[in-house]
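These protein sequence lines are chains A and B, in that order. For the first sequence, position 122 matches number 125 in this note's numbering, and the numbering has no gaps at all. For the second sequence, position 265 matches number 340 in this note's numbering, and the numbering has no gaps at all.
No lab work stands behind these hints: they were computed from the structure. Please note that the accuracy of each hint is not assured.
Taking lysine to any residue pairs in the SDA-like style, the calculated list, with each CA pair at most 25 Å apart, reads [what the hints assert, rightly or not]: (1) B:175 x A:18; (2) B:175 x A:71; (3) B:192 x A:71.
Facing chain A, a subset of chain B residues (Cβ under 7 Å, in silico) [to be verified]: (4) 148; (5) 166; (6) 173; (7) 198; (8) 202.
Where is the CB? At the ideal position from N, CA and C, for every residue including glycine.
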Amino acid sequence: MLRYLEQEMICHRTPLEEALGMAERMGHGEISQMMHLATRGMRERNGGAFREIWQEAVRKALGSGVLEQQELEVIAESWMSFCNPDVVLQKTMFDQQIARMELQKQNAQQQYLEKAGLYRRLGAIGGAFLIILLL
Amino acid sequence: MGMQSEVEMDEAEQFLQLFSADVRRMLLKSGLHAGRLQEVRMRAGQPLLLLYDGQEYGLTRDGRMTHRIEESFRVTKKELNETLECVSGYSLYAFEEEMKQGYITVQGGHRVGLAGKVVMDGGRIQCIRHISFLNVRLSHQICGCADDVLPYLIRDGAVADTLIISPPRCGKTTLLRDLIRQISNGTKMLSGKTVGVVDERSELGGSYQGIPQNDLGMRTDVLDCCPKSEGMLLLLRSMAPQVIAVDEIGDARDGEAIESAIHCGCRLLATVHGNSVEDIRARPFLGNLVKNHVFERYIVLARGLRAGIVREICDGDGRRLYGSDMDTHGGNCAGIFRKHDLGNQPGRADEAQMDAPAGNVRDAALSGAGNDLPQNTAGGGTWDGRADGTW
């Protein structure tokens, strides 16, 4: 999703509101909801900073989900890639943000594998214990 | 903000949306009239300044306009960044190319000047970073401001090639915009013409996503964000305009394109920065256009306490058709409310009698809100023309 937004924003110069709207239609579930809330916040244009609009959208859409606090923080901080008063910095922020997300994903996968192994072992021990108990 | 009509309310609303929440609140509290506000200047760590009715004011935190600038609200970097987000619709990256010129044009045709750290690449501006200075200049469309000027520009049912000469912030773009609108729609004296506008800085049309936000008339085609020289030739080839209008001509390529356009039988309306026809004559490229009598009319605007004071209108030979013997470098601004009576002018060309509307020519001040101006702001020697009974 970030790569898609980067392409829309940096290459096609699509205004952020429009780009997030497109991402909303592309995505689904909580991600789509988050994009929707951010787009709505921008459309209302109450003069607030984008950081506030984005973090509010992240909190509302993902706050009660399965993501851990650290993961939520990474997503909440991604506002710097979307709206930055420094255009040069914005481009590097995209790369940084994508790298952080990738790292998060790898960590999550590793955790999943470790936990899956643990649960498998626990299951096997539990099964063996049950068989012994039955015998 | 004090407002009048529904249209003005919409404009004011749109304008307010350019600012951060705090500045917006202050502007709202101030009760100022959006139509009279010309500029808002924001500098990091410095007072928030307004140019209102031609005068500089500070704006305090509680929304009070004051001449005591030191009492004014100090703009923080946060306010600046937030305002920058608002003016760009949270999409500053989309204005990267425009930013290289030092300003962006936003919805409504307002121009936001930017300054900060300039990053160069190979001798060219690559971008502006750490933007710490903003100048929000309001675009005011004043329909009818060219009413008194247009008759001087009509020759044998056609529009004369015209150059509007004016110092910055004196209303040349506003005047040109209304001329375009009137020429395009047609008036009692002139049938509607097809007008091609090359709007390099999106100031004339204030186009947003290709659609002009200002009324440029029903027969007007707008080439938005296009360099003037290329745009004029492109319009000639593609849209067959009878009149081409461009704002702020200046370099050699513009001069060549103007000559091409005129030799194609197209009429031209252009503006340029300057104080007088002599100023323009002294310039390397534009001077040739003057010497070659490319233009048939020159409208010279004066720097005064408000925008839109027509100092003189001359023909291609420099004969004055309308104007006064005011200091050519704007020293005598006390005369801005004075009616320029055509009949009293020395050197008035007979041609003007034919072209000019019957009766006295009214002060061609552009500002539609001119009557709202406090009459005592003009300083010594100011004179309210209406008291004279000749208006």
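Here is how each hint holds up against the structure:
1. B:175 x A:18: holds (18 Å)
2. B:175 x A:71: violated (42 Å)
3. B:192 x A:71: Given pair residue 192 (chain B), residue 71 (chain A) is violated - Cα atoms ~39 Å apart, limit 25 Å.
4. 148: violated (15 Å)
5. 166: holds (4 Å)
6. 173: With a minimum Cβ separation of about 11 Å from chain A (threshold 7 Å), the hint on residue 173 (chain B) is violated.
7. 198: With Cβ-Cβ at 18 Å, over 7 Å, it is violated.
8. 202: With a minimum Cβ separation of about 6 Å from chain A (threshold 7 Å), the hint on residue 202 (chain B) holds.
Checked against the numbered hints listed earlier, the structure breaks hints 2, 3, 4, 6, 7; every other hint is satisfied.
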